[in-house]
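Protein chains in written order, with my numbering: chain A, 834 to 953; chain B, 66 to 178.
There could be a bad hint or two in this list.
DSSO-like mimics (lysine-lysine), calculated; alpha carbons at most 30 Å apart, straight line [to be verified]:
1. K117/B / K68/B
2. K853/A / K117/B
3. K888/A / K853/A
4. K899/A / K117/B
5. K117/B / K165/B
6. K847/A / K899/A
7. K888/A / K68/B
8. K897/A / K847/A
9. K899/A / K888/A
10. K847/A / K888/A
11. K68/B / K897/A
12. K853/A / K165/B
13. K874/A / K897/A
14. K874/A / K899/A
15. K847/A / K874/A
16. K134/B / K117/B
17. K165/B / K134/B
18. K165/B / K68/B
19. K165/B / K899/A
20. K68/B / K874/A
21. K165/B / K888/A
22. K897/A / K134/B
23. K853/A / K874/A
24. K853/A / K899/A
25. K134/B / K68/B
26. K897/A / K853/A
So, partial list: chain A residues that the calculated Cβ filter (under 10 Å) puts toward chain B [claimed, not checked]:
27. I845
28. Y869
29. Q942
30. F944
Just so you know, the hints here were simulated from the structure itself, not pulled from any lab data.
All values derive from a computational prediction rather than experimental measurement.
Cβ coordinates follow ideal geometry from the N, Cα and C atoms, glycine included.
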Amino acid sequence: GAVVSQHPSWVICKSGTSVKIECRSLDFQATTMFWYRQFPKQSLMLMATSNEGSKATYEQGVEKDKFLINHASLTLSTLTVTSAHPEDSSFYICSARQPREGTSPTYEQYFGPGTRLTVT
Amino acid sequence: DAKTTQPPSMDCAEGRAANLPCNHSTISGNEYVYWYRQIHSQGPQYIIHGLKNNETNEMASLIITEDRKSSTLILPHATLRDTAVYYCIVRPTGGTSYGKLTFGQGTILTVHP
Numbered sequence: 834g835a836v837v838s839q840h841p842s843w844v845i846c847k848s849g850t851s852v853k854i855e856c857r858s859l860d861f862q863a864t865t866m867f868w869y870r871q872f873p874k875q876s877l878m879l880m881a882t883s884n885e886g887s888k889a890t891y892e893q894g895v896e897k898d899k900f901l902i903n904h905a906s907l908t909l910s911t912l913t914v915t916s917a918h919p920e921d922s923s924f925y926i927c928s929a930r931q932p933r934e935g936t937s938p939t940y941e942q943y944f945g946p947g948t949r950l951t952v953t
Numbered sequence: 066d067a068k069t070t071q072p073p074s075m076d077c078a079e080g081r082a083a084n085l086p087c088n089h090s091t092i093s094g095n096e097y098v099y100w101y102r103q104i105h106s107q108g109p110q111y112i113i114h115g116l117k118n119n120e121t122n123e124m125a126s127l128i129i130t131e132d133r134k135s136s137t138l139i140l141p142h143a144t145l146r147d148t149a150v151y152y153c154i155v156r157p158t159g160g161t162s163y164g165k166l167t168f169g170q171g172t173i174l175t176v177h178p
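Starting from the given sequences, assemble the full structure and let the hints guide the process.
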């Protein structure tokens with residue numbers, strides 16, 4: 834399958850600072866990427882849908898001014914956690930949609946390895 | 066979105082087949098059944114998907130009932146490395162939820178030596 838990378842794999846930051854997480858599709862172009870958050874022993878929760886060249890669409894309850902998403906190219910989406918607080922500590926996972934021509938379904942979705950954020 | 070129901074946990078002996086059930090009784094005709102798994106502290110890994118017919122790949126087999134209201138993921142010869150959380154997801158192909166994967170709680174599969 835296609836490869837999606839994330840950087841960094843883990844990060845520790847102080848409360849009040851901002852942290853940027855990168856998500857890259859390595860061998861395909863992704864017009865759409867998704868950002869998930871996962872707390873310990875819980876399932877993945879979709880935060881937002883990132884579309885190349887346009888504003889992200891946030892799920893209900895997710896603060897768009899706190900979680901800034903930029904999808905500036907077909908292979909890169911970034912998530913910036915602004916003014917991070919300890920409650921933002923979580924596992925952040927991105928996924929990228931790979932278009933598939935001549936097949937059904939018409940796309941597949943691949944996940945990155947995740948980024949562990951710890952806010953102290 | 067069609068919701069799925071999975072048992073919270075299952076055990077399996079190494080080398081034996083692991084059969085993971087999933088109930089999706091409200092699935093609609095054009096929705097696919099997808100299976101992903103997540104090994105601890107990693108991103109989800111795609112396993113297999115199907116629409117109506119049974120499917121098999123190098124990782125697993127997917128059996129979908131004729132009425133499509135349930136499915137079973139089969140790992141034919143489970144290994145210790147198959148210990149993970151397995152998610153059964155119904156993927157919408159249209160509407161406002163197009164493309165979004167909604168994860169339930171999944172099934173924690175533990176493979177024992």
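Quick rundown of the hints versus the structure:
1. A threshold of 30 Å between alpha carbons decides the hint, and for K117/B with K68/B the separation of about 17 Å falls inside it, so the pair holds.
2. Restraint check: the Cα-Cα separation between K853/A and K117/B comes to about 42 Å, which exceeds 30 Å; the hinted pair is violated.
3. Among the hinted pairs, K888/A with K853/A is consistent with the structure: their alpha-carbon atoms are about 17 Å apart, no more than 30 Å.
4. Restraint check: the Cα-Cα separation between K899/A and K117/B comes to about 42 Å, which exceeds 30 Å; the hinted pair is violated.
5. Between K117/B and K165/B the alpha-carbon distance is near 20 Å, which keeps this suggested pair within the 30 Å criterion.
6. Under the criterion of a C-alpha separation no larger than 30 Å, the hint pairing K847/A with K899/A is consistent with the structure, at around 16 Å.
7. Taking the CA atoms of K888/A and K68/B, the gap is near 28 Å; set against the 30 Å cutoff, the hint holds.
8. Restraint check: the Cα-Cα separation between K897/A and K847/A comes to about 21 Å, which is no more than 30 Å; the hinted pair holds.
9. Taking the CA atoms of K899/A and K888/A, the gap is near 14 Å; set against the 30 Å cutoff, the hint holds.
10. Using a Cα cut-off of 30 Å, the hinted pair K847/A and K888/A holds, with the two alpha carbons roughly 28 Å apart.
11. This hinted pair checks out: K68/B and K897/A have alpha carbons roughly 27 Å apart, not beyond 30 Å.
12. For the suggested pair K853/A and K165/B, the alpha carbons sit about 23 Å apart, so the restraint of at most 30 Å is met.
13. For the hint pairing K874/A with K897/A, the CA-to-CA distance comes to about 25 Å; that is within 30 Å, so the pair holds.
14. Annotation: proposed proximity of K874/A to K899/A holds, straight-line Cα distance about 24 Å (limit 30 Å).
15. The suggested pairing of K847/A with K874/A holds, with an alpha-carbon distance near 24 Å, which does not exceed 30 Å.
16. Between the alpha carbons of K134/B and K117/B the distance comes to roughly 10 Å, so the proposed pair stays at or under 30 Å and holds.
17. Between K165/B and K134/B the alpha-carbon distance is near 20 Å, which keeps this suggested pair within the 30 Å criterion.
18. The straight-line distance between the Cα atoms of K165/B and K68/B is roughly 13 Å, inside the 30 Å bound, and the hint therefore holds.
19. For the hint linking K165/B to K899/A, the alpha-carbon distance of about 22 Å falls within 30 Å, and the restraint holds.
20. Of the supplied pair hints, the one linking K68/B and K874/A holds, its CA atoms being roughly 20 Å apart against a limit of 30 Å.
21. Using a Cα cut-off of 30 Å, the hinted pair K165/B and K888/A holds, with the two alpha carbons roughly 17 Å apart.
22. The suggested pairing of K897/A with K134/B is violated, with an alpha-carbon distance near 37 Å, which exceeds 30 Å.
23. For the given pair, K853/A sits about 24 Å from K874/A by alpha-carbon distance, which is consistent with the 30 Å threshold.
24. This hinted pair checks out: K853/A and K899/A have alpha carbons roughly 12 Å apart, not beyond 30 Å.
25. The hinted pair formed by K134/B and K68/B meets the criterion: a straight-line CA distance of about 11 Å does not exceed 30 Å.
26. As the CA atoms of K897/A and K853/A are separated by approximately 14 Å, the hinted pair is consistent with the 30 Å bound.
27. For I845/A, the interface hint is violated, since its Cβ never comes within 10 Å of a Cβ in chain B; the closest pair sits about 15 Å apart.
28. For the restraint placing Y869/A at the interface with chain B, the shortest Cβ-Cβ distance is roughly 8 Å, inside the 10 Å limit, so the hint holds.
29. Annotation: interface hint on Q942/A holds; nearest CB of chain B at approximately 6 Å, less than 10 Å.
30. Because the closest C-beta pair between F944/A and chain B is about 4 Å apart, less than 10 Å, the hint holds.
Violated hints for the displayed structure, listed by number in ascending order: 2, 4, 22, 27.
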